[in-house]
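Enquirer: Given next are the chains, with one letter for each unit.
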Amino acid sequence: MSRAGSEIAIGAGSPAPVRVGAAGMWTFLATDAMGFGGLFIAYATLRVRAESWPDPRARLALAPVAAMTFALLISSLTMTLATRAGSARARSGWLGATLLLGITFLTGALLEYRHLWTAAAPLRVGGDLFASTFYLLTGYHALHVLAGLVCLMAVWLGRAKPKTLEVVALYWHFVDLAWMPIFTFVYLVPTR
Amino acid sequence: MSGAALETGSARSPDGPAAAAPPDRVGATVIGFAILAGLTVAELVVADLDAAGRARVTALCGLLIAKVGIVLAVFLRVGARRRDPRLALAALLFASSSAAILMLEMAFRVRQR
Numbered sequence: 001m002s003r004a005g006s007e008i009a010i011g012a013g014s015p016a017p018v019r020v021g022a023a024g025m026w027t028f029l030a031t032d033a034m035g036f037g038g039l040f041i042a043y044a045t046l047r048v049r050a051e052s053w054p055d056p057r058a059r060l061a062l063a064p065v066a067a068m069t070f071a072l073l074i075s076s077l078t079m080t081l082a083t084r085a086g087s088a089r090a091r092s093g094w095l096g097a098t099l100l101l102g103i104t105f106l107t108g109a110l111l112e113y114r115h116l117w118t119a120a121a122p123l124r125v126g127g128d129l130f131a132s133t134f135y136l137l138t139g140y141h142a143l144h145v146l147a148g149l150v151c152l153m154a155v156w157l158g159r160a161k162p163k164t165l166e167v168v169a170l171y172w173h174f175v176d177l178a179w180m181p182i183f184t185f186v187y188l189v190p191t192r
Numbered sequence: 001m002s003g004a005a006l007e008t009g010s011a012r013s014p015d016g017p018a019a020a021a022p023p024d025r026v027g028a029t030v031i032g033f034a035i036l037a038g039l040t041v042a043e044l045v046v047a048d049l050d051a052a053g054r055a056r057v058t059a060l061c062g063l064l065i066a067k068v069g070i071v072l073a074v075f076l077r078v079g080a081r082r083r084d085p086r087l088a089l090a091a092l093l094f095a096s097s098s099a100a101i102l103m104l105e106m107a108f109r110v111r112q113r
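Those protein sequence lines, which keep their order, are chains L and F.
Mapping to our numbering: the first sequence position 164 is 164, numbers consecutive.
Mapping to our numbering: the second sequence position 92 is 92, numbers consecutive.
Derived from the structure by calculation, the hints contain no laboratory data.
Worth double-checking, as some hints may not be accurate.
Each pair of labels, with its calculated beta carbon distance range [to be verified]:
| hint | chain 1 | residue 1 | chain 2 | residue 2 | range |
| --- | --- | --- | --- | --- | --- |
| 1 | L | Leu146 | F | Gln112 | 17 to 27 Å |
| 2 | F | Met103 | L | Asp128 | 15 to 25 Å |
| 3 | F | Ala55 | L | Gly158 | 45 to 55 Å |
| 4 | L | Arg47 | F | Gly79 | 32 to 42 Å |
| 5 | L | Gly96 | F | Ala52 | 42 to 52 Å |
| 6 | L | Arg47 | F | Val68 | 33 to 43 Å |
| 7 | L | Arg49 | F | Ala66 | 23 to 33 Å |
| 8 | F | Ile65 | L | Ala120 | 34 to 44 Å |
| 9 | L | Gly158 | F | Ile65 | 34 to 44 Å |
| 10 | L | Ala61 | F | Ala66 | 20 to 30 Å |
| 11 | F | Ala52 | L | Ala154 | 41 to 51 Å |
| 12 | L | Arg47 | F | Asp50 | 16 to 26 Å |
Glycine included, C-beta positions come from ideal geometry on N, C-alpha and C.
Given the sequences, and given the hints that come with them, work out the whole structure.
Expert: Printed below as a string of structure tokens:
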């Protein structure tokens, strides 16, 4: 069943039919969550088996990362407000705010990498297990943020159908969700 | 194929994906966000506490679970969207359960060595 050939609903007539766009995104998110899950398992395994593991607080700056975390949290709120906005103007405003917050997060991540690479005791990829897993997890997440920003930009500039916004919002909330365990396990959980 | 594509619970406005949400739903979203921010601050406080490492890890995991639950309920609205995420959530639960079992098994093996 379609409208203008662009949307398909499965189970129309029932209380909550499935929209293909949203259902496809949920399926993608499930598979993507498994990707993150695999990385978390690898991180946990390597960390538990390592003879020694540095205290994350001693090697990573927590304050800027906490600020980045709040930027991502607020962006989820602005994204939700964008999807529920009553007018195109309000929606555009909330979307712009979401974009700015996402760019802030990504810029913060790049600045953190730069700081770690140029520090007196640099944290280089492949330097040790801590560094490798840190860059792998945060880099994988940063790529997701970048992809989300590209999608958001497309919606904001009007190159995507407005109805795509709801699907993009699902992805953006997932990016926020995926950051939470990274923040907890990589930055906060003490060594012993 | 013919017929309208129906949405998952919200009315649609002519110029966009969703009509203005009722104030109570926006309020619930803002409250959910405030709780999330509070839990994040609590995480930072717990990480700074001068308590035993095991107690801090337990507290941090509890806070993380609460945060994930709020994002799923308030932002992703898995309770309101019935069919869309059902299959995906089943996969998610399966994956996370498998991950937990694998991690427990790995921790057990490491302790055995």
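Enquirer: Work down the list of hints and note, for each, if the structure agrees.
Expert: Going through the hints against the structure:
no.: 1; hint: Leu146/L x Gln112/F: 17 to 27 Å; verdict: 42 Å, violated
no.: 2; hint: Met103/F x Asp128/L: 15 to 25 Å; verdict: 22 Å, holds
no.: 3; hint: Ala55/F x Gly158/L: 45 to 55 Å; verdict: 52 Å, holds
no.: 4; hint: Arg47/L x Gly79/F: 32 to 42 Å; verdict: 34 Å, holds
no.: 5; hint: Gly96/L x Ala52/F: 42 to 52 Å; verdict: 46 Å, holds
no.: 6; hint: Arg47/L x Val68/F: 33 to 43 Å; verdict: 20 Å, violated
no.: 7; hint: Arg49/L x Ala66/F: 23 to 33 Å; verdict: 29 Å, holds
no.: 8; hint: Ile65/F x Ala120/L: 34 to 44 Å; verdict: 37 Å, holds
no.: 9; hint: Gly158/L x Ile65/F: 34 to 44 Å; verdict: 39 Å, holds
no.: 10; hint: Ala61/L x Ala66/F: 20 to 30 Å; verdict: 26 Å, holds
no.: 11; hint: Ala52/F x Ala154/L: 41 to 51 Å; verdict: 49 Å, holds
no.: 12; hint: Arg47/L x Asp50/F: 16 to 26 Å; verdict: 23 Å, holds
The structure fails to meet hints 1, 6 from the earlier list, while all remaining hints are met.
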